[in-house]
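J.: Listed here are the chains, written in short residue letters.
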Amino acid sequence: MVKVEIVNGSIDFFPPDDNRRQDGAELVFNGRVRATEHGENIIALEYEQYDGMAETELTQLANETCKKFPIHDLFCNHRIGKVSVGETSLHVVIWSKHRKEGLEAMIWFISELKKRVPIWKWAILEDGTRIPSECKH
Amino acid sequence: MVKVEIVNGSIDFFPPDDNRRQDGAELVFNGRVRATEHGENIIALEYEQYDGMAETELTQLANETCKKFPIHDLFCNHRIGKVSVGETSLHVVIWSKHRKEGLEAMIWFISELKKRVPIWKWAILEDGTRIPSECKH
Amino acid sequence: MIQVKVKCFSQVKYALGTHELALELEIGTTTAELDKLIREKADGKLDGVSLRVAVNQKYVPEETVLDDGDEVAFIPPVQGG
Amino acid sequence: MIQVKVKCFSQVKYALGTHELALELEIGTTTAELDKLIREKADGKLDGVSLRVAVNQKYVPEETVLDDGDEVAFIPPVQGG
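Protein chains in written order, with our numbering: chain B, 1 to 137; chain L, 1 to 137; chain U, 1 to 81; chain R, 1 to 81.
Chain B extracted, bound-state conformation (with noise of 0.2 Å):
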């Protein structure tokens, strides 16, 4: 199954749940704000989307993913808005049988996220100067 939302404001977690019978593996990842981009010192993110096509992407990926690796459950929420360092802006929760398809599907799915995704993100510089960060990755 999946969920996935993009939510403006903090990200409820998706909690752990000990009611599983064949998930052996459960994995989570995220992705945080640090304190350096390209260089500069910042104090936040501000992750951009793309209204409605974002979520469409985001959705449409999960589903792929779910399609391409045998994994039971694929969460995901991303944060739009405001995220200062330290914060989580991705966070996904993966439940498999073994551990090893989903650490191949995590893999995957973040980096097609990165890829496909209509989200962007502007550096808020410690000056308050607000511009586009560049694409590395």
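To be clear, the hints were calculated from the coordinates, so they are not data collected in a lab.
Positions of the beta carbon are idealized from the N, C-alpha and C atoms, including for glycine.
Treat the hints with care, since some could be wrong.
To be verified - As a list, the in silico DSSO-like pairs of lysine-lysine whose alpha-carbon atoms are at most 27 Å apart:
id, chain 1, residue 1, chain 2, residue 2
1, B, K67, B, K100
2, L, K114, B, K97
3, B, K97, B, K67
4, B, K115, B, K68
5, R, K13, R, K36
6, U, K58, U, K13
7, B, K97, L, K82
8, U, K5, B, K114
9, R, K5, R, K41
10, B, K97, L, K115
11, U, K58, B, K115
12, R, K5, L, K67
13, B, K114, L, K82
14, U, K5, B, K115
15, B, K100, B, K114
16, L, K67, L, K97
17, U, K7, B, K82
18, U, K13, U, K45
19, B, K115, B, K3
20, B, K115, U, K7
Unchecked claim - Cβ-to-Cβ under 8 Å is the rule here; a few derived chain B residues that face chain L:
id, residue
21, N19
22, A25
23, K82
24, V85
25, M106
26, I107
27, D127
Could you slot chains L, U and R onto chain B? The hints should help.
T.: Coordinates of chains L, U and R only, in the frame set by chain B:
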């Protein structure tokens, strides 16, 4: 930094942390007990350790992982004793600058753990029988 | 003539100084032609920036003929995550 | 003669029916010889099971000479995680 613990009883998960400034990736793996072990229905696993050696090997492995991969922290709890279906037997958290090294470190750490840390599983079957679980990875 | 709406994000928004443009184009105009027009408007600020095209919120091939009422976006390298 | 303690886990414990053996061995006995002895005691139940050796809680090469007071374990494939 490395934190390693082998615990008899339920695991306290390492908490999320919004105060890190250079950790862009937080990766969490929970290994959970599945209801089927080599085709047989079980109600729980009972983990047995080589007292002393298991924690020594696990700590050494965690330190090796931090040397081999450019990660910042590796925290690991492994549960011993009876672990019911659905519950977490292995909890690993890795903090790193980027996701790539965190994912690689996670894959290597768990794979090595399953080769050298002297911990074994006994399957507790539905009729209460307790047998050593054969090793198949 | 057709009317199209161009949504601007990130570097495109920054270069053009607006988040949306309403344009009147000749019938048969393609996304490739509109791309060229947008780059001209940006006055060099989008040189070297690769832009993918979305029409009505879906990625489309570079040479797509536009229809009246289309919503077009020139998508600079995305940066989610 | 030397005294050694053999710790038994998992399949070894199951095969021998005990978690610990106290053995008296000749001076110069190696872990490989003790491995053979343990397998004989298991009466076929450890045939085909690969066993690594730990002496005093550290993995050691197969042919290690034992000392008086050593704690030895024949470690069947581990199953943590």
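J.: For which of the previously enumerated hints does the structure constitute a violation, in increasing order of number?
T.: Failing hints, ascending: 12, 13, 23, 27.
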